[in-house]
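Enquirer: Please work from the sequences and hints to get the whole structure.
So the protein lines, in turn, are chains S and P. Just so we're aligned: the first sequence equals residues -17 to 92 in our numbering. Just so we're aligned: the second sequence equals residues 432 to 546 in our numbering.
Certain hints may be false.
Computed cross-link-like contacts, SDA-like style, restricted to lysine to any residue with a CA-CA straight-line distance of at most 20 Å [claimed, not checked]: (1) P:457 to S:39; (2) S:24 to P:470; (3) S:41 to P:504; (4) S:50 to S:65; (5) S:51 to S:-11; (6) S:39 to P:534; (7) S:39 to P:536; (8) S:24 to P:544; (9) P:457 to S:-11; (10) S:24 to P:443; (11) S:50 to S:31; (12) S:50 to S:35; (13) P:457 to S:28; (14) S:41 to S:12; (15) S:61 to S:11; (16) S:24 to P:542; (17) S:41 to S:65.
No lab work stands behind these hints: they were computed from the structure.
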Amino acid sequence: EDQVTQSPEALRLQEGESSSLNCSYTVSGLRGLFWYRQDPGKGPEFLFTLYSAGEEKEKERLKATLTKKESFLHITAPKPEDSATYLCAYQYQGAQKLVFGQGTRLTINP
Amino acid sequence: DAGVTQSPTHLIKTRGQQVTLRCSPKSGHDTVSWYQQALGQGPQFIFQYYEEEERQRGNFPDRFSGHQFPNYSSELNVNALLLGDSALYLCASSLVRQGNTGELFFGEGSRLTVL
Chain S
-17 EDQVTQSPEA
-7 LRLQEGESSS
3 LNCSYTVSGL
13 RGLFWYRQDP
23 GKGPEFLFTL
33 YSAGEEKEKE
43 RLKATLTKKE
53 SFLHITAPKP
63 EDSATYLCAY
73 QYQGAQKLVF
83 GQGTRLTINP
Chain P
432 DAGVTQSPTH
442 LIKTRGQQVT
452 LRCSPKSGHD
462 TVSWYQQALG
472 QGPQFIFQYY
482 EEEERQRGNF
492 PDRFSGHQFP
502 NYSSELNVNA
512 LLLGDSALYL
522 CASSLVRQGN
532 TGELFFGEGS
542 RLTVL
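Expert: See below:
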């Protein structure tokens, strides 16, 4: 059965302390793997799309990578404003919908 | 450039009632998707509309229905509300011509509470 699992559920870091969030997926015919950021009381905000294993995308302190079974969101020297819930989602071939994981709630303490 | 706008932002209903939620997509976008997000969970796909037709539907009962208008705006209707329908309802828009239908622009959602 196709599914996506994110870990950890919650992560608390000190400002400047780098870490990685994990998104494990089992999908037949993956079209794309997506990362979104969601602030409390807001809708998700698009960050990255990854299409094939080995692909990497970067934006400021964030870098997303993709293997055949996992995607990682690396956060380098985070700041308090990086605190949010990070969602990964997949889309399989021929489908319109995104299937989201449950998210990782990231807190960066100053 | 206006983003995705949703209304109302909050509403309270009782079991058995009906609700209509509204969405205006980002300027220039032609496709609207609706998602339900329960507290502490990721969004779940309800359905997507393009050219005023439902393109794909998620695993939701027929109590959930929608519509897309010629100006690309959309409505989500939920009949016979249940306590379990309490959630944040998110509207997302995209542009089919872009090809990447996974890059969605979300509104801030409508928070529905069913008592």
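Enquirer: CA of residue 41 (chain S) to CA of residue 65 (chain S), is that 20 Å or under?
Expert: Judged against 20 Å, a Cα distance of about 15 Å means the pair holds.
Enquirer: Compare the distance between the alpha carbons of residue 24 (chain S) and residue 443 (chain P) with 20 Å, and conclude whether the hinted pair is satisfied.
Expert: Distance ~19 Å between residue 24 (chain S) and residue 443 (chain P) Cα, so the pair holds.
Enquirer: Quickly compare the C-alpha distance for residue 39 (chain S) and residue 536 (chain P) to 20 Å and report which way the hint goes.
Expert: holds, 19 Å
Enquirer: Keeping to a limit of 20 Å between CA atoms, is the pair of residue 50 (chain S) and residue 31 (chain S) held or broken?
Expert: At roughly 15 Å apart (the allowed maximum being 20 Å), residue 31 (chain S) and residue 50 (chain S) satisfy the hint.
Enquirer: With a cut-off of 20 Å on the C-alpha distance, tell me whether residue 24 (chain S) and residue 470 (chain P) pass.
Expert: holds, 13 Å
Enquirer: Would the hint linking residue 61 (chain S) and residue 11 (chain S) be met if the CA-CA limit is 20 Å?
Expert: Since the Cα atoms of residue 61 (chain S) and residue 11 (chain S) sit roughly 36 Å apart, the hinted pair is violated (cutoff 20 Å).
Enquirer: Just to be careful, I want the Cα atoms of residue 457 (chain P) and residue 28 (chain S) compared with a cutoff of 20 Å; is the pair within it?
Expert: holds, 14 Å
Enquirer: Would the pair residue 457 (chain P) and residue 39 (chain S) pass a check requiring their Cα atoms to be no farther apart than 20 Å?
Expert: violated, 25 Å
Enquirer: Measure nothing beyond the straight line between the CA atoms of residue 50 (chain S) and residue 35 (chain S); if it is 20 Å or shorter, mark the hint as holding.
Expert: Status holds; Cα separation ~5 Å.
Enquirer: Check whether the Cα positions of residue 41 (chain S) and residue 12 (chain S) lie no farther apart than 20 Å.
Expert: violated, 23 Å
Enquirer: Assess, step by step, whether the Cα of residue 41 (chain S) is no farther than 20 Å from the Cα of residue 504 (chain P), and give holds or violated.
Expert: violated, 31 Å
Enquirer: Take the C-alpha atoms of residue 24 (chain S) and residue 542 (chain P), compute the straight-line distance between them, and say whether it is at most 20 Å.
Expert: Holds. Residue 24 (chain S) to residue 542 (chain P) sits at ~11 Å (cutoff 20 Å).
Violation of the numbered hints given earlier is confined to hints 1, 3, 4, 9, 14, 15; the remaining hints are satisfied by the structure.
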